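With the hints as extra help, turn the sequences into a complete structure.
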Amino acid sequence: MRPLFAALVMTALLTGAAASATDAPANAYCYIGWPADGAVLPAGKPFRVWFGLRNMGVAPKGVAFENTGHHHLLIDTGLPPAGQVIPSDRNHLHFGAGETETMLDLRPGTHTLQLLLGDDKHIPHTPPVVSKRITITVR
Amino acid sequence: MRHLFVPVLLLAAFLHPGTASAQPANPPGSAPAAAPANAQVYFIWPHDGSVIEGGKFWVRMGLRNMGIAPKGTAVPNTGHHHLLIDTGLPPMSEPIPNDRNHLHFGAGETEARVELPPGTHTLQLLLGDKDHVPHRPPVVSKPITITVR
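Protein chains in written order, with numbering that gives the first Met the number 0: chain A, 0 to 138; chain B, 0 to 148.
Mixed in with the good hints, there may be bad ones.
[What the hints assert, rightly or not] Each computed DMTMM-like pair below joins lysine to aspartate or glutamate, with the alpha-carbon atoms no more than 25 Å apart:
{"hint": "1", "chain 1": "B", "residue 1": "Lys129", "chain 2": "A", "residue 2": "Asp22"}
{"hint": "2", "chain 1": "B", "residue 1": "Lys70", "chain 2": "A", "residue 2": "Asp88"}
{"hint": "3", "chain 1": "A", "residue 1": "Lys120", "chain 2": "A", "residue 2": "Asp88"}
{"hint": "4", "chain 1": "B", "residue 1": "Lys70", "chain 2": "A", "residue 2": "Glu65"}
Rather than coming from a laboratory, the hints here were simulated on the basis of the structure. These figures come from a predicted structure and were not determined experimentally.
Here you go:
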C-alpha cells in the first residue's frame with residue numbers, strides 16, 4: 000500500500016509540474032541570428048544580438064497566446080531547471096516586452112550566449128525551445 | 000502568371016468584408032496605438048537588391064525599440080508585422096488589408112517563408128497595432144526590391 004501511495008504522490012507531482020508548462024510545437028526553432036558562433040568582437044563596442052524564432056510567435060510576458068513566448072538570453076551560464084521560472088539576473092536577461100533583438104556590452108574574454116523561450120509566466124515550454132549555445136570572444 | 004493571382008484576389012476581396020463587419024477592427028473612439036519616435040522596423044533578410052534562386056525564401060523581420068505582440072494584445076509599445084508585397088503603403092488610419100499583397104503575422108511571427116514567382120518584387124514591412132491599424136507615427140521599413148529567378 001505504501002509504495003502505491005508514494006507512486007500516486009509522485010504521479011501527482013509530475014503531472015502538476017507538466018501542467019504548469021506551456022506546450023510548444025515540435026518544430027519550433029530558436030536560434031541566435033547574430034553574432035555567429037565563434038565570432039570575435041571588438042571590446043568596448045556594444046554589439047547587437049538577433050533573436051531568431053521559427054514556427055512560433057513572440058508575445059510579451061503575461062500574454063497567453065497559443066504558440067508564443069518571449070525571449071530570454073542566457074549569458075555565461077547553463078540552462079536553468081525545466082518547469083521553473085527562468086531566473087532574472089545578469090546571466091538571464093528577460094525580454095518580456097516582446098523584443099526581438101538587443102544590444103550587449105560584454106567585458107573582454109570568451110562568453111557563451113544561448114536563447115531560451117519562456118511562456119507568459121517565464122517558464123520554459125514543453126518541449127523547451129532553446130537555441131544552440133554559441134561562444135564568442137570579446138577583445 | 001497574372002491570371003494565377005486573380006482568383007486569390009477575388010477570394011480575399013470576398014472574405015475581407017465579412018471579417019471586417021463581424022469584428023470592427025477600429026471601433027469609433029479608439030485611436031491608433033502610439034509608437035516611440037525611435038521605433039524602427041527593417042529587413043534582416045533579404046537585403047535590398049538580393050537575387051533569390053528558386054523563389055522560396057525566409058523573410059526575417061527586424062524591430063528596434065519596440066516589441067512584438069500578437070493581434071488583439073494591448074501592451075504599450077508593441078505591434079505585429081505585416082509584409083507588403085508589390086504594393087504601396089495602405090491608408091494609415093485604417094486596418095491593413097488582408098490579402099496576397101498584405102501578409103499579416105498576427106501570431107507574433109518574426110520570420111516567414113515566402114514564395115514569389117520569377118521577376119522583380121518590392122517588399123516593405125509595416126507594423127500594425129492590436130487592431131491591425133498602423134501606429135502613430137507609422138512604423139514602416141524602407142521598401143526593398145528583390146529579384147526572383
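_Hint consistency between A/Lys120 and A/Asp88 [alpha-carbon to alpha-carbon, up to 25 Å]_ = holds (16 Å)
*Given the proposed pairing of B/Lys129 with A/Asp22, does the C-alpha separation stay at or below 25 Å?*
Given that 25 Å is the threshold and the Cα spacing comes to 24 Å, the pair holds.
*asked:* Hinted pair, alpha-carbon criterion (25 Å max): B/Lys70, A/Glu65. Please report holds or violated.
replied: holds (12 Å)
_Distance restraint between B/Lys70 and A/Asp88, which requires alpha-carbon spacing of 25 Å or less_ = Status violated; Cα separation ~30 Å.
Hint 2 alone, counting from the list given before, is not met by this structure.
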